[in-house]
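Use these hints to put chain B onto chain A, whose structure you have.
Here the protein sequences line up with chains A and B, keeping their order. Take the first sequence: its position 730, counted from the start at 1, is 730 in my numbering, and no numbers get skipped. Take the second sequence: its position 6, counted from the start at 1, is 6 in my numbering, and no numbers get skipped.
Everything hinted at is true.
With a straight-line cut-off of 27 Å between C-alpha atoms, the simulated DSSO-like cross-links for lysine-lysine are:
{"#": "1", "chain 1": "A", "residue 1": "Lys-924", "chain 2": "B", "residue 2": "Lys-58"}
{"#": "2", "chain 1": "A", "residue 1": "Lys-370", "chain 2": "A", "residue 2": "Lys-859"}
{"#": "3", "chain 1": "B", "residue 1": "Lys-58", "chain 2": "A", "residue 2": "Lys-419"}
{"#": "4", "chain 1": "B", "residue 1": "Lys-58", "chain 2": "A", "residue 2": "Lys-501"}
{"#": "5", "chain 1": "A", "residue 1": "Lys-925", "chain 2": "B", "residue 2": "Lys-58"}
{"#": "6", "chain 1": "A", "residue 1": "Lys-96", "chain 2": "A", "residue 2": "Lys-56"}
{"#": "7", "chain 1": "A", "residue 1": "Lys-608", "chain 2": "A", "residue 2": "Lys-562"}
Just a few of them, taken from the derived set where beta-carbon distance is under 10 Å, the chain B residues facing chain A:
{"#": "8", "residue": "Leu-24"}
{"#": "9", "residue": "Arg-29"}
{"#": "10", "residue": "Pro-33"}
{"#": "11", "residue": "Val-41"}
{"#": "12", "residue": "Pro-49"}
The set of hints was computed from the structure by calculation and includes no laboratory data. In this text, a Cβ means the ideal position worked out from N, Cα and C, and glycines have one as well.
Below are the chains, spelled out letter by letter.
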Amino acid sequence: MVECGRHLNIELLTLSEVEKIEGSEGNFTVTIRQKPRYVDMDKCIACGLCAEKCPKKVPDEYNEGLSVRKAAYIKYGQTVPLKYAIDPDHCIFIQKGKCRACEKFCPTGAIDFNKEHKDEIIQVNVGSVIVAPGFKAFDPSVFDHYAYTQFKDVVTGLEYERLLSASGPYMGHLKRPSDGKEPKKIAWLQCVGSRNINRADNGYCSSVCCMYAIKQALVTAEHTTGDVEQAIFYMDIRTHGKEFEAYYEQAKEKGIRFIQSRIHTVYPNPEGGIIVEYYDAEKGQRVLEPYDMLVLSVGLETDKSAIELANTLGIKLNKYNFVETSSFNPVATNVPGIYASGCFQAPKDIPQSVTEASSAAAAASIALSKARGTLTKEKTFPPEKDVAAEEPRIGVFVCSCGINIAGTVDVKELTEYAKTLPNVVFAENNLFTCSQDTQVLIAEKIKEHNLNRVVVAACTPRTHEPMFRETLKNAGLNEYLFEMANIRNQNSWVHSKEPEKATAKAKDQVRMAVAKAAMLQPLEHLSVQVNQSALVIGGGISGMTTALGLADQGYETILLEKSDKLGGNAWNLRRTWRGEEIKPFLEQLIARVENHPNIKVFKNASIKTSKGAVGDFVSEVDVNGEIKTIKYGIAVVCTGAKEYKPNEYLYGEDERVFTHLEFEEKLQNGISGKQGAVFIQCVGSREPERPYCSRLCCTHTMQSAIELKKTNPEMPVYVLYRDIRTYGEREDLYKEARELGVIFIRYTRENKPKVFKDGNDLVVQVQDHILKQDVEIRPDYLVLATAIVPHDNKELVELYKCSVNNEGFLQEAHAKLRPVDLTVDGMFLAGLCHYPKPIDEAVAQAQAAVSRASTILSKSVMPLDSIKSYVTENCDGCALCVDTCPYGAITLVNYDKDGQTLQKIEINKALCKGCGVCEATCPKKGVFVHGFTNEQLRAQVAAALEIV
Amino acid sequence: MAENFEPVIVGFLCNWCAYAGADLAGVSRLQYPPNMRAIRVMCSGMVHPNLVVEALEKGADGVIIMG
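With the rest of the complex left out, here is chain A (with noise of 0.2 Å):
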């Protein structure tokens, strides 16, 4: 938020809506009305004067209504832009003519009530318009045997988000709302107003709330002291997001109940807290269980204000108010111009909705790229102070992160502990060092007590080290004299049950930090000249998408494919879960890659070698048997994955069994069988080898089922399942196959089918999850859901130093923050190399690492780390250093010194990636590492020790 509030090319508007929408695509003319905010946005300091003086208390709704804000307020305090408003619905004086305490007490006279105030209509001329309203949270009060409205201790999944955090009503200490005790036994409900018809309309999935529950169950126990037990009443758990069924796996170890029953009335506890009653399966009988506190994880829907909105503008819906879009153009709406992202679209996790943000980025801008950089504005920033020769004057600023340091650091004792510490000359605490206004105040600091080192104790400085150096170029001092002490994630996290030893910690932690921030030099900037060209590894839809977004914008693209044709996976698919026919899809975008001006094919082709880096990447391709030298300035991995061959269930020893594709391949031709069909879920998937789930499988059986029953009314067809997974409003399709009458059965994986042959008879036994008793089954088709594996990617990992996690899926750079950017700069992955994914978020994925990608290739200039190895005048030639440099960055040269030739290493930036091996390695202090030099690292070590 912080980044987006500071960009220069982005304006906000706030209090603003969408009046009328005129023109087309490239040429919209938006009429925008604008609230009044009654403060003056230049003026207000957000010193929270006003606030504090305003009389009148408002249920504030950032924190659910559980606190109170006044009608002076900000809406929480990371607010971007960080000014304050009055909210005239409740101001005092707006609605009843007298007051004006704030007006009084503001010390910069922002607060304007004296001019008429009246809506500003605003028109802005633009290309292409992006939507991302978001959702609004279901409210639980139409089913009233939970008695949401009734009884305090039963609260929203939102509700208890803010219960457990920092900035929540209870500082993040877990409370119960009825009378304040700390809560010991906690229930979770899930599938409220999600996955229901009857009461609520909404018979999607909303995808996330399985994730959320199992999240607040866990970290429930950070907030609480002793023992805590939780439990979670599910249909089916739904973790099909990258890593979240190991964190399900996780949460079971951990002792949270799961119980598979849906509570059926909530009654008060004459005791506190509530009584469920519920059908516990397990037993055969029904359950009055007392809990302290019941959460209802309630569903995501679209808001009433965003319906408004997608009919001024023109958007069509569909039938649960989600964006209508295709598969193959997941953001773009009906009218052409304008695109939609986030849970408008569709109900998404974080995840995905930072892909598909960057995929309506990509979108928005394929369709401008002709207008591209007429209107972006340049960062300037204030020259540079030259500090090189003065003494260090350190300025520390410790953070408090809400409770998240300050809960276990005694911040006040180490603020005055840094004042003690050598060259430090200012010192203080903040809440949040990362919010924007404390930008400001750092900015106002260096100027004030003429700072020129600046330590930030707070988190660590793998996130938040780019921002602060912001803040100092922002100052005038050079970026480099920056260093962070991480006292929060490996410090008040990790140590939060010993506080007092956290904080001594804490101190070695910021002396360490101002030891090595005395010694820290003002570096060079360095760039790169950016070869405005790409490489696509993979030639699937992901690999085809991703190559024709960046040549529309006019980039050169060289797209490799492996195999003699393009198309990957999808060769072997129908139809997308929507529906859509795949193979015209297919063809055209096949068409449109092989004619494109700016895309150069190579297929049988793979990649020997790599040299460079982002901007400038050099590599051999080994086209059809031919080496070729390729050059390019960013590369995106499509390589996909594969469908796993199964040896169990009889796979390959009975011509009956299938795999998915393969039965894929036999519906096709239409077939039929009195004894019907069965589907296996999960085969290779969520297993101890494979813990993962596949993601896809549960939707397909579905499209498979259903084709299967429309086709033969009278053939009978199981699936047995462990948990359907029909996320999002392919829910639909699981309804749909139960409307026909396909049957479900649920098994464990500790009891799992078995399938043998009796006679000529393929066989499946399985014990039914209500009778508990064995069924047999004798079909004319099994068919396996099998997992989804990753393809082999070690080469392309070694060539790239890139990362996979364990389970060989490629590894972003942050899951939820850099979804589509690999480890490595200038590299983005799409498409199932990542993880199991359908056409349609396979496609997002593509186009958002088209948008990450043209960050880089826009411009024909890349600014460099400066953290680099530099020569000292001690190298005396002897080249140990160059056969240790893993990156090939160090040469040996000859120089002239008084007519003798001596010689010296040389190194090459652009390949240099300040490892610092040569550091380790150079046995006489001839080569360092800016910002990590012998000196410097000595320096901590021997603060690290000060006090032994």
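For chain B alone, kept in the frame of chain A given last:
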């Protein structure tokens, strides 16, 4: 050795793996004894042998290089 002996351990953590792992331990709230003082390096290969010796000389009870 005293019963309440609290060792001081100097850790050199590679920015890309061990340091990220230590961050993740935080995110996962894994609790461990607060005896290590971590120094972030850009690669465990960056740690000069002299640094290890120096840490031990200055009183560290142990040095751990993670990468």
